[in-house]
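Peer 1: Assemble the complex: chain F is given as a structure, and chain Y must be docked to it using the hints.
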Amino acid sequence: MTNALLDQTLAAAKAEGRAALIGYLPAGFPSVAGAAQAVQALIDGGADVVEIGLPHSDPVLDGPTIQTADDIALRGGVRTKDVLETIRTVAAANPTVPVLCMTYWNPVDRYGQARFAADLAAAGGAGCILPDLPVEEADGWLAAAAEHGLATVFVVAPSSRDERLGIITAKGTGFVYAAAVMGVTGTRTQVGEMAEDLAARTRATTELPVCVGLGVSDAGQAAEVAAFADGVIVGSAFVQRILDADSPEAGYAAVRELAAELARGVRKR
Amino acid sequence: MSDVTSVPDARGYFGAYGGRFIPEALVAAVEQVADEYEKAKADPAFAAELNALLKDYTGRPSPLTDVRRFSAEAGGARILLKREDLNHTGSHKINNVLGQALLTRRMGKNRLIAETGAGQHGVATATAAALFGMECTIYMGEVDTQRQALNVARMRMLGAEVVPVKSGSRTLKDAINEAFRDWVANVDSTHYLFGTVAGPHPFPMMVRDFHRVIGQEARGQVLERTGRLPDAVVACVGGGSNAMGVFYDFIPDAGVRLIGIEAAGEGVQTLRHAATLTKGDPGVLHGSRTYVLQDEDGQTIESHSISAGLDYPGVGPEHAYLKDTGRAEYRPCTDADAMDALRLLSRTEGIIPAIESSHALAGALELGRELGPDAVILVNLSGRGDKDMHTAAQYFGLLDSSDAETSDDAAGGAK
Numbered sequence: 001m002t003n004a005l006l007d008q009t010l011a012a013a014k015a016e017g018r019a020a021l022i023g024y025l026p027a028g029f030p031s032v033a034g035a036a037q038a039v040q041a042l043i044d045g046g047a048d049v050v051e052i053g054l055p056h057s058d059p060v061l062d063g064p065t066i067q068t069a070d071d072i073a074l075r076g077g078v079r080t081k082d083v084l085e086t087i088r089t090v091a092a093a094n095p096t097v098p099v100l101c102m103t104y105w106n107p108v109d110r111y112g113q114a115r116f117a118a119d120l121a122a123a124g125g126a127g128c129i130l131p132d133l134p135v136e137e138a139d140g141w142l143a144a145a146a147e148h149g150l151a152t153v154f155v156v157a158p159s160s161r162d163e164r165l166g167i168i169t170a171k172g173t174g175f176v177y178a179a180a181v182m183g184v185t186g187t188r189t190q191v192g193e194m195a196e197d198l199a200a201r202t203r204a205t206t207e208l209p210v211c212v213g214l215g216v217s218d219a220g221q222a223a224e225v226a227a228f229a230d231g232v233i234v235g236s237a238f239v240q241r242i243l244d245a246d247s248p249e250a251g252y253a254a255v256r257e258l259a260a261e262l263a264r265g266v267r268k269r
Numbered sequence: 001m002s003d004v005t006s007v008p009d010a011r012g013y014f015g016a017y018g019g020r021f022i023p024e025a026l027v028a029a030v031e032q033v034a035d036e037y038e039k040a041k042a043d044p045a046f047a048a049e050l051n052a053l054l055k056d057y058t059g060r061p062s063p064l065t066d067v068r069r070f071s072a073e074a075g076g077a078r079i080l081l082k083r084e085d086l087n088h089t090g091s092h093k094i095n096n097v098l099g100q101a102l103l104t105r106r107m108g109k110n111r112l113i114a115e116t117g118a119g120q121h122g123v124a125t126a127t128a129a130a131l132f133g134m135e136c137t138i139y140m141g142e143v144d145t146q147r148q149a150l151n152v153a154r155m156r157m158l159g160a161e162v163v164p165v166k167s168g169s170r171t172l173k174d175a176i177n178e179a180f181r182d183w184v185a186n187v188d189s190t191h192y193l194f195g196t197v198a199g200p201h202p203f204p205m206m207v208r209d210f211h212r213v214i215g216q217e218a219r220g221q222v223l224e225r226t227g228r229l230p231d232a233v234v235a236c237v238g239g240g241s242n243a244m245g246v247f248y249d250f251i252p253d254a255g256v257r258l259i260g261i262e263a264a265g266e267g268v269q270t271l272r273h274a275a276t277l278t279k280g281d282p283g284v285l286h287g288s289r290t291y292v293l294q295d296e297d298g299q300t301i302e303s304h305s306i307s308a309g310l311d312y313p314g315v316g317p318e319h320a321y322l323k324d325t326g327r328a329e330y331r332p333c334t335d336a337d338a339m340d341a342l343r344l345l346s347r348t349e350g351i352i353p354a355i356e357s358s359h360a361l362a363g364a365l366e367l368g369r370e371l372g373p374d375a376v377i378l379v380n381l382s383g384r385g386d387k388d389m390h391t392a393a394q395y396f397g398l399l400d401s402s403d404a405e406t407s408d409d410a411a412g413g414a415k
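Each protein sequence line maps, in turn, to chains F and Y.
At position 36 of the first sequence (counting the first as 1) the number is 36 in my numbering, and the numbers step up by one without a gap.
At position 245 of the second sequence (counting the first as 1) the number is 245 in my numbering, and the numbers step up by one without a gap.
Think of the hints as simulated: they come from the structure by calculation, not from any bench.
Accuracy of the hints is not assured; some may be wrong.
[Said to hold, decoys possible] Cβ-to-Cβ under 8 Å is the rule here; a few derived chain Y residues that face chain F:
#1 Gly15
#2 Ala16
#3 Phe21
#4 Ala25
#5 Arg60
#6 His88
#7 Arg170
#8 Ser189
#9 Gly298
#10 Met389
#11 His390
[What the hints assert, rightly or not] In silico SDA-like cross-links for lysine to any residue, where the CA-CA straight-line distance does not exceed 25 Å:
#12 F:Lys171 x Y:Lys109
#13 Y:Lys166 x F:Lys81
#14 Y:Lys279 x F:Ala263
#15 Y:Lys279 x F:Gly112
#16 Y:Lys166 x F:Arg79
#17 F:Lys171 x Y:Ala28
#18 F:Lys81 x Y:Asp295
#19 F:Lys268 x F:Ala219
#20 F:Lys81 x F:Gly112
#21 Y:Lys109 x F:Glu193
Each residue gets a CB set at the ideal place from its N, CA and C atoms; glycine is no exception.
Just chain F, with the same shape it has in the complex:
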């Protein structure tokens, strides 16, 4: 079971001969009330798909930028129900844009995986990315996601061996998230080499679109990645724009501008 809107969106980008732009921002950031506006700026700037992060107390896969945003969100009192509400607001205003939730596993486990899948689907969410839930531990979630028409996007890494890539992509839906580098989230000056090899090895195991994330921050890198990927995933660079801005409104404008720049990048491959 997968999510039709997500599949169609990625297929449409492919038909246009370009990569999709996938943008990430955490809920509760820069504030519980402002998060939906920030995500709207991503979409207005040209993101095809958005990921809304569920801030966590222990973001072991995130670098300093997203750690800071999560910290701001949690201090601001963001709750799981607020994350779902932000997804609902964004999905309702943008019926053609797939909205994914990206979250560490424990908040879903605590909420109840079946209940979370039901409530995420009811909010209009298209699926989940669960970066610390390996495929071996995911059977319960996959069943719940399938029941509610949600995609489950698994992450693959440069260290993933070919045999394991096949096991992962056989269980995933929507797309495969290929981590461009070994490391945590955050912008980098170089993203290309390992990512291209990983994308090729992943494609050898699946028909699913392969989208590449970790480190991309500008149009040049987006174009470079778009040359071999079906989608380009950008998170920390958007978060940094909001952190650097003097006001929330200035932050949203900067997010819109960066999304537009990246949207041009993914069309330049």
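Peer 2: Chain Y alone, transformed into the frame defined by chain F:
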């Protein structure tokens, strides 16, 4: 009850607890550790080298000490201390570190990273890195670098880089997060020498196995000394490595009570404690399913303990299993009771225990009064208290007033 010595299963589960909840980027590295450990277990040369190090470098077997004057305060029960404080580097941590350092060499890696709370695991890891000629980076919460400054100096003296972690609660939990981030980025050259019986499979099993020597020795020593098994084995539990080490070989002895003492901080009725098994709920933290101090959204709650080594909102999954099966009991002990026990052992026996181990001593005092003078209680004295003298001096006001300006505030529990 299923056979509690047959865990974990092939997927790393102790009943409902354990498993492997890790990012894909670490799967290959964790599988390599598991594979290499299985090979090492089957290799007599590995056991021979480790045993030689434990004997000639660490100083094993560690002694068993009768503490008669201390026992008099425990209802007259006979208390025996397993002296892990006398190991090289001053705690039990060296047992596991030497095992994993040998494994690291077998894997062809030359850099060790580790988290540390009180600094005991960091010191042990820095020691092994020096011994084996490896690079070493230790992550330590900024709060802990301040309250365990002596151990920071020891690690640096041994050649390790010590990174104060400023994120989150700036204690052990956040040091683990930062070590995982380092590992993801440097996994080709680096082994994460995890310091407790938590984390993803195989760490809970492997770290337990490396500490099992504590209980193996102690069981024989108690039998030889007293002619019988103890009524209870008591150990402090933060992540739970010293407790698993001393408990494990007693698990089949149904008549021996296994009692873990958790840090209750300012009391389990307050929000400032680290009593994970007493007050937490099942969840996933740092790679395994276990009890976690967490809010209703699954966000980790910051723990508190005067003991940096017990100040952790998770616990090893095998302890969660032993709790649920009823084979072990877990009790809380406050900062104040632990500090009283620290002073009592110091003044009755001339042994200054670590604040961590003082929790176990306080638990033994309470248990001795319950069981009476016929009881034999084995306590794992997991570490020595040298590193804690700054905290203890402040707490008890041991220094002249100009050196201990904050002692009045901190001495609330002192008499």
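Peer 1: Each hint should be assessed against the structure and marked as holding or not.
Peer 2: Hints versus structure:
1. Taking 8 Å as the C-beta cut-off, the interface hint given for Gly15 (chain Y) is violated, the closest approach to chain F being about 15 Å.
2. A distance limit of 8 Å between C-beta atoms decides the matter here; for Ala16 (chain Y) the minimum to chain F is near 12 Å, and the interface restraint is violated.
3. Because the smallest distance between the Cβ of Phe21 (chain Y) and any Cβ of chain F comes to about 6 Å, under 8 Å, the interface hint for this residue holds.
4. With its C-beta approaching chain F no nearer than about 4 Å, Ala25 (chain Y) sits inside the 8 Å limit, and its interface hint holds.
5. For Arg60 (chain Y), the suggested interface contact is broken, since its CB lies about 35 Å from the closest CB of chain F, more than 8 Å.
6. The closest approach between the C-beta of His88 (chain Y) and any C-beta of chain F is roughly 32 Å, which is over the 8 Å cut-off, so the hint fails.
7. Look at Arg170 (chain Y): its Cβ only gets to about 12 Å from chain F, farther than 8 Å, so that hint breaks.
8. The beta carbon of Ser189 (chain Y) comes no nearer than 11 Å to any beta carbon in chain F, farther than 8 Å, and the hint placing it at the interface is violated.
9. Interface restraint check for Gly298 (chain Y): the shortest CB-CB distance to chain F comes to about 3 Å, inside 8 Å, so the restraint holds.
10. The interface hint given for Met389 (chain Y) is violated, since its Cβ lies 32 Å from the closest Cβ of chain F, which is over the 8 Å cut-off.
11. A least Cβ separation of about 29 Å between His390 (chain Y) and chain F goes past the 8 Å threshold, and the interface hint is therefore violated.
12. Among the hinted pairs, Lys171 (chain F) with Lys109 (chain Y) is inconsistent with the structure: their alpha-carbon atoms are about 33 Å apart, more than 25 Å.
13. Under the criterion of a C-alpha separation no larger than 25 Å, the hint pairing Lys166 (chain Y) with Lys81 (chain F) is inconsistent with the structure, at around 29 Å.
14. Taking the CA atoms of Lys279 (chain Y) and Ala263 (chain F), the gap is about 49 Å. The hint is violated against a cut of 25 Å.
15. About 20 Å separates the Cα atoms of Lys279 (chain Y) and Gly112 (chain F), which keeps this hinted pair within 25 Å; it holds.
16. In summary, the hint linking Lys166 (chain Y) to Arg79 (chain F) is supported, as the alpha carbons are separated by about 24 Å, within the 25 Å threshold.
17. Taken as a hint, the Lys171 (chain F) and Ala28 (chain Y) pair is honoured in the structure, with Cα atoms around 18 Å apart against an allowance of 25 Å.
18. Only pairs whose Cα atoms come within 25 Å are accepted, and Lys81 (chain F) paired with Asp295 (chain Y) is accepted, the gap being roughly 14 Å.
19. Restraint check for Lys268 (chain F) and Ala219 (chain F): satisfied, since their Cα atoms lie roughly 9 Å apart, inside the 25 Å limit.
20. Restraint check for Lys81 (chain F) and Gly112 (chain F): satisfied, since their Cα atoms lie roughly 13 Å apart, inside the 25 Å limit.
21. The straight-line distance between the Cα atoms of Lys109 (chain Y) and Glu193 (chain F) is roughly 24 Å, inside the 25 Å bound, and the hint therefore holds.
The structure shown violates the earlier hints numbered 1, 2, 5, 6, 7, 8, 10, 11, 12, 13 and 14.
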